[in-house]
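**Q** Residue numbers (this note's numbering), protein chains in the order written: chain W, 12 to 360; chain F, 12 to 360; chain B, 12 to 360.
Errors might be hidden in some of the hints.
Each pair may be met inside one copy or between any two copies, as identical chains are not told apart.
[As the list claims (entries may be wrong)] Computed list of lysine-lysine pairs in DSSO-like fashion (alpha-carbon distance at most 30 angstroms, straight line): (1) K108 <-> K125; (2) K125 <-> K308; (3) K292 <-> K125; (4) K35 <-> K60; (5) K168 <-> K60; (6) K108 <-> K42; (7) K108 <-> K220.
Simulated from the structure, these hints should not be mistaken for lab results. The structure displayed is predicted, hence computed values, not measured ones.
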Amino acid sequence: MSINLFPAKAVQGELIKYSQIGNKQFKIFTKAGDVVDIDALANKGLKYKANPFLDELKGNHVRVGLLFLNPSMRTRMSTQVAGRNLGMDVIVFNIDKEGWQLEFGDGVVMNGNKAEHIKEAAPVLGSYFDILGIRTFPSLQNRAEDYSESYISEFIKYCGVPVVSLESATRHPLQSLTDIITMKESLAQQPITPGKKLKIVHTWAPHIKPCPQAVSNSFCEWVNAWGKADFVVANPEGMDLAEEFTKGATVTHNQEEALEGADFVYVKNWSSYDWKGEYGKNYDAPDASSWLLTLDKLKNTNNAKVMHCLPVRRGVELTDEVLDSDHSLITTEAGNRVWAAQAVLSELL
Amino acid sequence: MSINLFPAKAVQGELIKYSQIGNKQFKIFTKAGDVVDIDALANKGLKYKANPFLDELKGNHVRVGLLFLNPSMRTRMSTQVAGRNLGMDVIVFNIDKEGWQLEFGDGVVMNGNKAEHIKEAAPVLGSYFDILGIRTFPSLQNRAEDYSESYISEFIKYCGVPVVSLESATRHPLQSLTDIITMKESLAQQPITPGKKLKIVHTWAPHIKPCPQAVSNSFCEWVNAWGKADFVVANPEGMDLAEEFTKGATVTHNQEEALEGADFVYVKNWSSYDWKGEYGKNYDAPDASSWLLTLDKLKNTNNAKVMHCLPVRRGVELTDEVLDSDHSLITTEAGNRVWAAQAVLSELL
Amino acid sequence: MSINLFPAKAVQGELIKYSQIGNKQFKIFTKAGDVVDIDALANKGLKYKANPFLDELKGNHVRVGLLFLNPSMRTRMSTQVAGRNLGMDVIVFNIDKEGWQLEFGDGVVMNGNKAEHIKEAAPVLGSYFDILGIRTFPSLQNRAEDYSESYISEFIKYCGVPVVSLESATRHPLQSLTDIITMKESLAQQPITPGKKLKIVHTWAPHIKPCPQAVSNSFCEWVNAWGKADFVVANPEGMDLAEEFTKGATVTHNQEEALEGADFVYVKNWSSYDWKGEYGKNYDAPDASSWLLTLDKLKNTNNAKVMHCLPVRRGVELTDEVLDSDHSLITTEAGNRVWAAQAVLSELL
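For reference, chain W alone in the conformation it holds in the complex (with noise of 0.2 angstroms):
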């Protein structure tokens, strides 16, 4: 496999960094900022993908495992699979489904329905594995309590040892680096015009029910981090993401415009984080159906692939036609979910 763009630079090291908890020094991956090189993690992960036992015996001994404070199919699944091809024990537990609720709140009486503190959780759980994931979803109620990530850090803080987000209140990293893997594989099989800067579009697509904003998050951050394109985030008046993730990014209202000469558009629904003053509503404006992607209005665009991190309802955030057609990675896009987990399950050891 060549990948003839955007070649890594050679790094010395640690693709991902250390991170200083309390008194001890250890790997999390949470987010963009946690990487050394984003560029050659992806790197890696295709490395993987191309011999995928490469490293079976690197993970010996070691024990994985992934905690769910709410529902998974690919993140679970690629994630048990990336560890075992590096030779891992990988154990799942879906916390409130076959355990109990857990309690994050410092000093609380805990007389409630939570039957657990994360401060007692947590470093048993290090105890028993070398490396943990967690995933948690954002209330989508208290904007300031779901964007202070207390859940994910209070875990990290407390479980000593190293953590993999599998989507955290805000964020979904493994996501966005299947999604850079993806660009990056795509382009090593159909360059792009030499010359033609990279334009990679997100755009707002049209839900049933308020989701939360942590894969558009992650891809913005991730997309801007790497720095390897034009990238313009395209969605309704009012349903700006946080700044601090698109921070780098054109941000337009315009989705005909956006969609001018991309190469890749990527396409999400998000709940709003400040429409009308209000957080984690469904954008439900007369508008929001005239966001929906079609085939005709990919004409406009580069031959542009579209991409999705799945579970998309068809019909509704994007049609049958595009979904069925040549533009789609989607699919190819989540089995990469494997190749990205094996790179951070790897480089955290």
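Given the coordinates of chain W, work out where chains F and B should sit on it, guided by the hints.
**A** Below, chains F and B without anything else, positioned relative to chain W:
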């Protein structure tokens, strides 16, 4: 272990056929017709029973995903063990408990409670796994829909890898292979009188609620395809199974006559295929309980062995006295699920 | 690691006894009486803590099935890790979430909501696995039924393979072995004054709802059987545990007196065995909250270490100040669950 009855023909090559799926060819295991030689495949299962770790390196690097849209105990655990015996990694996913509901319809606008389409889910899973298993139950609401087997067919169509049915709307092939294995094993241990033709009876049993026809359909299909016995199906009038499955068997509504001289009696409830024009109804006519198999009725048989796929409701489908007698092969039969699954997984590679 | 206190006698042979089950003999681990030498078994756990992969090939080809009729976090994950450390395959099955409810009664006509009888389920599981673990909780409705331990007994009777209790109606032996391990480890690190007799106190704690007596019963049973300490059980009047478990300990209703000079204080709520003639009630008399263990109360001890089996409700069973102090061994204790399970699984082989 000597299997001195019905020795399998020497079979060159594969015991499971390749199927044409779209523009690809791969093996699937969903029905008797997918098998080249049922007797040889059963022997393969018995070979694994004698030596579970015979092929323990064969499945190295092979990932099997088992997807349950409906609950399972034996199928899940026996298939996990079977895969592990072959050195495979086996990952279980209870889709609607751990994930979300799947849409199978074409062109549906997905604005309801189904979050993902099989057109996305199947190929993604196919990219994570080398072999996929799937369990889906019938609705028992719509016969045409159930008998179209659209769920498992769509799954096979889109996933792109070998598929093993863990029970579908109208068939349960791993159970039927187990049943053949169990009868062969029993006959090897206690051969019937030389010259007597083997007689197998499938008799309907009462139940408290409507059950799928899958186990019974498959049992009929497999015993007919196996072709080693006189085969009689006994059930109340109006409760005949679909002819496509019973064709080749004698169907009777007289249980006593059916049992006469039987060597194996397979007991199972099924709901109506077309009782008084209705599909999926529990037969609750006044004579229903008269179909309960008792020790007394077995006197009329050739000291028959009794089989059932489990779970069985004691006192409803079968009496305690039969279940706790030497007539019962039922827990042995359930134990043999491992060897059926192991033979199939080994052939799907 | 030097365990310089209470060295185990040199033990020849097995540390877990064979039990006569029907006409077979196999090892089970359900209570202190199943152990030949508790101190030696605890040492075996500590040996594994020092070298988790000491016996990593011992469990090759061994399949362990862990069946949960009730939720679990630590027990499930620590036993999975323990089995993997020994090279075993460990398969978890949450019976009522992934399967269906089991019937345990004899001669019951199964026309209710229980789909399968233990007489079928247990031997089938016994044919899939080499070792089985099972967790069942008490009803707390019917003392005679709970204390008959009929669920786990029936399971053992019918499954035909070695069984490890993952907590039953009235006992939690893996927890108690963990507790002995934890005290030995603590004493090895911080020996008590030569000549002082070790003092262990088990004190009742408030809770918001009725809890099983299993952890407390077992702790009493094991500390008594261990026989290395003065052992005092302190609880409100009327809340005494069953005498069969406390026999050998001093039972008092004065917590202050009990704590005097204590080296270990084991804190846990339990519901009534026979409070005002009632079973399974949460003690909610006005003085209940006065039993909350505080830092202040610990001044009266020999700088005691505090233990609890988790999950613990902060502010209800134990104060934040105790849990977050150096007195607490609680997360270390929970971590030690792995080594207890590993010692037991290793001996069950």
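**Q** Could you place K168 and K60 in one of the four classes (within, between, both, neither) given a Cα distance threshold of 30 angstroms?
**A** between (33 angstroms within a copy, 24 angstroms between copies)
**Q** One pair to classify: K108 and K42, alpha carbons no more than 30 angstroms apart. Within, between, both, or neither?
**A** Classified as both: same-chain Cα gap 27 angstroms, cross-chain 29 angstroms, threshold 30 angstroms.
**Q** Which holds for K292 with K125 at a C-alpha limit of 30 angstroms: within a copy, between copies, both or neither?
**A** both (27 angstroms within a copy, 21 angstroms between copies)
**Q** At most 30 angstroms between CA atoms: does that hold for K108 and K220 within a copy, between copies, both, or neither?
**A** Cα proximity of K108 and K220: in one copy and across copies (23 angstroms, 20 angstroms).
**Q** At most 30 angstroms between CA atoms: does that hold for K35 and K60 within a copy, between copies, both, or neither?
**A** Between copies only: 22 angstroms across, 33 angstroms inside.
**Q** Can you tell me if K125 and K308 fall within 30 angstroms by alpha carbon in one copy, between copies, both or neither?
**A** Classified as between: cross-chain Cα gap 27 angstroms, same-chain 49 angstroms, threshold 30 angstroms.
**Q** At most 30 angstroms between C-alpha atoms: does K108 with K125 qualify within a copy, between copies, both, or neither?
**A** This pair counts as both: shortest intra-copy Cα distance 13 angstroms, inter-copy 20 angstroms.
Taken one by one, the earlier hints all hold for this structure without exception.
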